[in-house]
Amino acid sequence: MNDVEKIREEFPILKSTMRGKQLVYLDNASTTQKPKAVILAEKEFYENSNANIHRSVYELAEKATESYVAAHANVANFIGADEDEIIFTRNTTEAINLVAFSLEKKITRGKKILVTIAEHHSNFLPWQRMAERTGAVLDFVGITPEGYLDMDDFRRKLSKDTAMVAVTHISNVLGTVNPVEEICQLAHEVGALVLVDAAQSAARIKLDVKKIDVDFLAFSGHKIYGLLGIGVLYGKRKLLEEMPPFLLGGDMVKEVSKERATWNELPWKFEAGTQNIAGAVGLSAAIDFLNNIGLDQIWAHEQELVNYVMPKLLAIDGIKIIGPKVNNNQAAKRAGVISFTIDGLHSHDLVSLLDLEGIASRGGHHCAQPLMTELGIKECTRISFGVTTTKEEIGFFIDALVKIINLLRKS
Amino acid sequence: MTDLMDFYSREELMEHARNPRNEGMLDNAAISYRDANQLCGDEVEIFAKENNGVISEIKFIGSGCLISRAASSLISEKLIGKSMKEVLAMTTSDLDELLGAVLTPGRIKCAFLPLAILQKGIKNYLEKTRKDN
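These protein sequences, in sequence, are chains A and W. Just so you know, the first sequence maps onto residues 1 to 411 in the working numbering. Just so you know, the second sequence maps onto residues 1 to 133 in the working numbering.
Calculated directly from the structure, the hints in this document are not laboratory data. Bear in mind that the values here come from a model prediction, so they are computed numbers and not experimental data. From the three backbone atoms N, C-alpha and C, an ideal C-beta is built for every residue, glycine too. Honestly, I wouldn't trust all of these hints.
Lysine-lysine pairs mimicking DSS-like chemistry, simulated, CA-CA at most 30 Å apart [claimed, not checked]: (1) A:K206 - A:K21; (2) A:K238 - A:K106; (3) A:K410 - W:K109; (4) W:K59 - A:K410; (5) W:K85 - W:K59; (6) A:K238 - A:K325; (7) A:K312 - A:K206; (8) W:K59 - A:K21; (9) A:K105 - A:K238; (10) A:K391 - A:K6; (11) W:K109 - A:K403; (12) W:K123 - A:K410; (13) A:K320 - W:K109; (14) A:K105 - A:K6; (15) W:K59 - W:K131; (16) W:K85 - W:K123; (17) A:K210 - A:K236; (18) A:K206 - A:K391.
So the derived label-pair ranges between C-beta atoms look like this [claimed, not checked]: (19) W:M25 - A:L239: 52 to 60 Å; (20) W:M5 - A:K6: 33 to 41 Å; (21) W:E97 - A:K15: 32 to 40 Å.
Listed next, the stretches of chain W that the computed footprint assigns to chain A, with coverage defined by at least 3 CB atoms under 8 Å from CB atoms of chain A [claimed, not checked]: (22) 4 to 10; (23) 56 to 65; (24) 102 to 110; (25) 117 to 123.
Just need the whole structure built from these sequences, with the hints factored in.
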C-alpha cells in the first residue's frame, strides 16, 4: 500500500490533537476511524433520503428502501454471500446473541459446545448461557505456547457430540489468524455447526463465506471503517430458514392474528423494528472504501507494519509479547493487533502516559478474561493497526513507550 | 503539563505507589470487602477496624496500577481517625484533594476503587451490626 498518506487525507479526525499533541491512533481493534465518504454517506442519507423503509410507498421511502436493500447486496458481495443471507444487527455481539438464541432448540442436553479460550466475551458469554439453558457441555480449545490456536487440542475435543463450534477469526488479544476453513471442515465432518467471529478480520482479510464454508459469520460496521451501531450476521440460507426469529415486532412478520404469526422472508425475518438505515448506507460506503484500496493491499500493509514493529518491541527490556513473536509462520499469520506486558508496570499507567503523548492505545483485559486467566495475567497493553497507520507513527510510539518505561522505572 | 503527568511525576505519590503502606491482610477485621475494577479486572480487598464509629486501622491487598496502589496506600494512612460516616460521605473530589492531583475521567475509577471498596465494606458492616442488635 504505497498511498497511506493519500488514504490518511480521507480521515478528518487524524488532523486533530489529543492532550495537545498530534493524534496517533493505534486502537483500530476497538474501533476504526471513519473516512469522509462514510461520514458523507450518512449525512447525505439524512439530508436527501430519510424515510422509513419497506412499507411506505412514496418516493422518499422508496429511495430509502432502495439504499437499504443495496447495502445488503454490497455486504453480500463483500463476503461472497447471497443477499438474503445478510442480516443487519447492531453489532457483532447482537449477531452472535441472535444465533445462540435461535439455535437453542437444536442443542440438547449432553451435546457439546466448543469455543476457544481466546474468545472475546461476546463470542463466549452467549455460549456459556446456551450451555446453562440447554444442559449442553461447554468445552474450550487451548492455545499453543507460541499463542496459536492448538489444532491438536481442537481435533481431540471435537466429537460426534459436538453440536456447535464458536471461534474468532483473528484474536483481539493475540492477533493470531485462526485456520477457519480447516476448522469448518473438521467440524462439519462430525456434524457440528460453526460460527466465526470476524470482528477483527473483516477489515483485514478478504472473506469468502462459501469458500470457508462457515455456517454463521458476524462482524461490526464500526470496526471496518463504517458507522457505529450497525453489524452483520451472515448465515447459510437453509439454517436461517429453519431458525425461529430472535426479536419480534414490526416488519419481520408476514401475517399476524390474535393467536399466531407467520414470519417474513429472509433476511427480514431477523430484522425486527425500524432498522439503522443510515448505518447500513454508511456501512456500504465503508465497503466501497475498502474495496477501492483492496483487502490484499490492506493485509500486505499490515504484515509490513507487524514486521516493522516486532523487532523494535522485542528490543524493549522486560517486554513480553502476548501471542506469536514473529511473523514468519505463513500457515498461521499474525495480524497487526499486538498485546504485550512490561515487567512490573501496569497497562493503564502505560496507556495514560501514552495518551499524554497523543497516542491512543488500549489497556486492561480486552474483554477476554478467560484468556487472561489462561495466560496468568490480569491485563496487558495493546496496539492495533489500520489502513491509516504509518511506520512514522510506530516509530513515534516506540520512542514514547521507551521514554515512559524509563520514567516509571527511574524514580 | 496535565494533572495526570503531575500524578506520575510527583515523588510522594510514586513513593506511595511503589512502597505502599499497610499492604497485607488484617486479622479479625470487622470491615472487609473485595471488588474488581471493571476497567482492567484488577482486584482490591480492603480490611478495616473501627472503634466507636471511628476508623482505627486499614490494610489492603491486591495488584493494580500505580494510581490505585497510591490511592490504597494514601487512604490507609489518611482516613485513620475519620468517622465511618465521614468516609461514607467522601466523593471523587475529596479524593482529588487527598491525592493532590485531578485525574482524567478515564482514570478516576482507578483512584476511587479502594475508597469505593472501603465504603461498601463499611455499609455492609453497619447493616450487619444493625441486624445483630
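**Message:** If you test the structure against every hint from before, which numbers come out violated?
**Reply:** Hint check: 1, 6, 8, 12, 14 and 25 fail, others pass.
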